[in-house]
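Student: Sequence positions in the sequence shown follow my numbering and run 1 to 212.
Since no wrong hints were added, every one of them can be taken at face value.
Pairs of lysine to any residue, SDA-like flavour, derived with a Cα cap of 20 Å:
(1) K195 / D153
(2) K205 / G130
(3) K205 / A137
Simulated restraints, written as ranges between beta carbons of each label pair:
(4) Q149 / V204: 18 to 28 Å
(5) T143 / A86: 54 to 64 Å
(6) T182 / R142: 34 to 44 Å
(7) Q199 / D153: 12 to 22 Å
(8) T143 / T202: 16 to 26 Å
(9) N150 / Y212: 32 to 42 Å
The hints are simulated quantities; they were obtained by calculation from the structure and are not laboratory data. Beta carbons are placed, not taken as given, at the ideal position from N, Cα and C, and that holds for glycine.
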Amino acid sequence: MMKVIAALLTLLCVASTSSAQTFTERLQRNVAGKGKVTVVHSAAIDKLVNGNQPDATPTKPKPVTPADTDKKATNHNEAKKTHIEATKTHTVATKTHTEATKTDDSKDDFDIPTVDMRKKVMARSYKVNGYRVQAFAGGNSRTDRQKAQNIGDAIKMQFPEQPVYVHFYSPRWICRVGNYRTYEEAHAMLLELKKMGYQQATIVKGKISVQY
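Throw the hints in and build the complete structure from the sequences for me.
Tutor: This is the structure in structure tokens:
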């Protein structure tokens with residue numbers, strides 16, 4: 001019985017040894033009483049004949065040392081610091097551009113002449129016969145009222161020293177300019193209004209306001 005068990009163990013060892021060897025290694029194995037076989041071939045032929053053999057010595061992962069961890073943390077902190085500094089630089093540049101824009105806008109506001117568009121009552125005045133220049137005479141619609149107002153504003157911007165009157169004289173909206181005692185003064189303003197494009201402008205005679 002012991003002989004049978006020993007024989008079985010021997011067979012198992014041989015089988016395991018042969019399964020661990022490649023086909024080429026089995027051919028070149030020394031066997032008592034038989035000739036020796038030597039096989040010479042390239043790595044490609046070896047791979048084709050024997051197939052992919054598992055690596056007997058698996059590669060172990062590189063252990064992470066505290067120095068590597070500190071290095072990664074340092075790189076991360078430096079990248080974060082660089083991003084924060086870049087953000088601060090962009091914010092400062094934006095603020096500088098905004099302040100420069102405000103300065104330019106303020107300068108433009110000073111360059112533009114200010115015209116008081118409010119209606120004023122002439123102090124210490126009285127009515128006499130004279131002339132005014134009528135720049136617009138429309139209908140009684142809301143559109144005509146807006147046209148009269150727009151024309152009055154444009155004339156006031158061009159001639160801020162001249163009084164401009166936008167009123168509703170039934171049945172139409174009227175825009176008239178000036179208080180001229182002589183026809184010659186009114187005619188001079190008429191020519192200026194025609195230069196502005198108001199070709200339908202005319203001189204009208206009536207009551208005007210003059211100061212004492």
